[in-house]
Amino acid sequence: MARNPVTWLGSPTFPKAAHAALADTQLRQNLRKATTTIRGKRAGVVAELDDWERLRHAGESIKDDVLANLDTYLLRLEESVTARGGVVHWARDAEEANRIVLDLARAEGADEVVKVKSMATAETGLNEALEAGGVRPVETDLAELIVQLGHDRPSHILVPAIHRNRAEIRDVFRREMADAPASDEPRDLAEAARRHLRRKFLSAKVAISGANFAVADTGSIVVVESEGNGRMCLTLPDTLITVMGIEKLVPTWADLEVFLQLLPRSSTAERMNPYTSVWSGVTPGDGPQKFHLVLLDNGRTATLADTVGRQALRCIRCSACLNVCPVYERTGGQAYGSVYPGPIGAILAPQLVNDPDDEQAASLPYASSLCGACYEVCPVRINIPEVLTHLRSEVVQAKGKRTPEALAMAAAAWMFGDPKRYEAAQRAGSLTRFLARDGKISHLPWPGSKWTSSRDLPAVPKESFRAWWRRNRG
Amino acid sequence: MADARSEILSRVRGALADRPSPAPVVRDYERTRVVDDPLGLLAERVADYQAVVHRVPTAELPARIGECLLARGASTVAVPADVPQPWRVPGVNWLPDEPPVPLTELDGVDGVLTGCAVAIAETGTIVLDAGAAQGRRMLSLVPDYHLCVVRAEQVAVSVPEALARLDPVRPLTFISGPSATSDIELDRVEGVHGPRTLEVLLVSA
Ligand code: SF4
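Protein chains in written order, with this note's numbering: chain A, 11 to 484; chain B, 1434 to 1638.
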């Protein structure tokens, strides 16, 4: 079977990548600034709704119902989309999804397609597949455009270029755009993107999108966005191809009343995001006249089979867990080696990869101090620490008890499993020393290793993640 | 080899071999919210997004439409073919969308005037459903200036109330302020691809 491109080929394990990322002071400053801003704002808009906890519980149970009856809802969605003039395709893995999209684009005679930001197509590596097939993908979301023009990789699920500050973005645009931005003011950068993409929107024949939600009953697809690039792609071209993970369903239209409250407040910390588009199949005379929906498995059914791990499929990709994660804030997203970084990436990417021999994926559940902040903010109440611990024990079991790596990981799991032990260990001095007492472990998986060998973090080793967290949480 | 559809469905069924029975969905969240002044709340929340909001008595609507367009310097304005005749005030070069205005022409107009289907006070959102006085989706998207008329009876307080009034199989666009992005340092700035200026006329007797 082909390898799952949800993680990037050749990525180092998380401990190694994190160590390198920690040397990048600029990266950490950029991230700290961005996540601090968003944490404060999120707390404010969440506090406005006194039924927030009840909404979270409803979100959790609606998604659990979807997962428990996924076959029924998928068939219902297929029927309703088809009845309204759409064509439904099924893709077992990334390669199959990419092939379907490429064939559809070619059939329309398109040598260029406009794309709305979509995690599903980032996960399948669709852009590379399209290019290899002679079709040029144009990312139209500002952050995706920054990543694409910068020949870079994403580092956040909502704002893939979060690791770049305004000056760095201006430099990328100056290098890559015919019509360079006037300054590094966000307003000028946005204006430059507008000019750069305008003609492409007006002339595109084919658009490719993801989906935030799909309503099984009505066949309605929902895309939530800010800039209007989504509306352009969903409205102007004659052909629209939407790729969505099979877990993105909700049973009924009324269920969206929960998610359209949970998602914007959790992700961009707004009462509502600027634009939400909803369409069902094809509407004569309005918008694309050909609509294709590609339903993607790519490791989701394997994830569903794990009774503890399956809750990761409730995720609505809001990114709140990234924004509150002390580990993410320090290492940045690229250290996770996957399009899904941060706490959700640490539990989702290894399950989608579903390969016990993949060391990089197996290292991801260790990218956490188990402080629990992610669980607290998650709008669909995914118990991320529980899944992390569960996946860690699976890794150790798969490796066998005797390898040094398994011992180190077991020790780390034991320690991280109890925040008090963890804090005490940090206070006591170097974690390496603490863990080396059994005489078998020469070096510790991240984050232990970083306390002893990272040179540029004078303040960090003195403070535990939890103490740091208590001091910094928005 | 089975086809992708049957294989995925059988994988799903295999994965659910433990027959999970999740807790029933409890909908004890607020479906409606009681607020003293829904229109005032809507006006305040729309303005929070840096949109311009005017409260207008019904009788004065046409005059205010004219004033807004004049102040904006909008002389050529697209409009759905079925907007109420009085909205099409004199002194403006109206471009009704019938026959459909070609895209390149739409890209050149100074603005667009539409009505809406529903508005959500709590979130400052206006919803268009391609129904009366709203036209095709691209009409309210391509021009850089969107002037939108909201009538008092179209205002719902909460998101659940608003969704209950909408028909999901119509093409829907939820609009909360002008186009914006948080992609640079996670800080919101207004004005990217969609209309950079949203002006709302909130009409009540
Ligand atoms: S795991 Fe929860 S908090 Fe994280 S992105 Fe998914 S829904 Fe949001």
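By construction, these hints were calculated from the structure, which means they are not laboratory data.
Among the hints, a few may not be true.
[Unchecked claim] Sample of chain A residues with no beta-carbon within 12 Å of chain B, all distances over it, derived:
1. A33
2. K51
3. S71
4. A78
5. A142
6. H161
7. G238
8. R241
9. T249
10. P261
11. Y385
12. E404
13. Q407
[Stated by the list, open to error] Quick look at which bits of chain A chain B covers, simulated, 3 or more residues with Cβ under 8 Å:
14. 17-31
15. 79-86
16. 144-154
17. 203-216
18. 223-235
19. 280-288
20. 388-400
Ideal placement from N, C-alpha and C gives every residue a C-beta, glycine not left out.
Exercise. Are there three or more residues in the stretch 280-288 of chain A whose C-beta lies within less than 8 Å of some C-beta in chain B?
Worked result: Check passed, 9 qualifying residues.
Problem set entry | Stated coverage of the stretch 79-86 of chain A by chain B [criterion: 3+ residues, CB within 8 Å] | That given contact holds, which follows from 4 residues of the stretch 79-86 of chain A lying within Cβ reach (below 8 Å) of chain B.
Exercise. With d taken as the least Cβ-Cβ distance between S71(A) and chain B, does d exceed 12 Å?
Worked result: violated (4 Å)
For this session: Examine each Cβ of chain B, and state whether all of them lie more than 12 Å from the Cβ of P261(A).
Result: Check fails; 9 Å does not lie beyond 12 Å.
For this session: Between the stretch 388-400 of chain A and chain B, see if three or more residues pass the 8 Å beta-carbon test, and mark the coverage as holds or violated.
Result: violated (count 0)
For this session: Decide, holds or violated, for the assertion that all CB atoms of chain B are farther than 12 Å from the CB of A142(A).
Result: Holds: least Cβ distance 21 Å, greater than 12 Å.
Exercise. Just checking, H161(A) versus chain B, shortest CB gap more than 12 Å?
Worked result: For H161(A), whose nearest Cβ neighbour in chain B is about 18 Å away, the distance exceeds 12 Å, so it holds.
Exercise. Within the assertion that chain B covers the stretch 223-235 of chain A, do at least three residues meet a Cβ-to-Cβ distance smaller than 8 Å?
Worked result: That given contact holds, which follows from 4 residues of the stretch 223-235 of chain A lying within Cβ reach (below 8 Å) of chain B.
Problem set entry | Interface exclusion of G238(A) relative to chain B, criterion Cβ beyond 12 Å | For G238(A), whose nearest Cβ neighbour in chain B is about 2 Å away, the distance does not exceed 12 Å, so it is violated.
For this session: Closer than 8 Å, Cβ to Cβ, for at least three residues: run that test on the stretch 144-154 of chain A against chain B and report holds or violated.
Result: Result for this restraint: holds, n = 4.
Problem set entry | Non-interface claim for K51(A), where every Cβ of chain B lies beyond 12 Å | violated (9 Å)
For this session: With 12 Å as the threshold, tell me whether A78(A) passes as away from chain B on beta-carbon distances.
Result: Since the minimum Cβ distance to chain B is about 5 Å, A78(A) lies within 12 Å and the statement is violated.
When the structure is compared with the earlier hints, violations turn up for hints 2, 3, 4, 7, 8, 10, 14, 20 and for no others.
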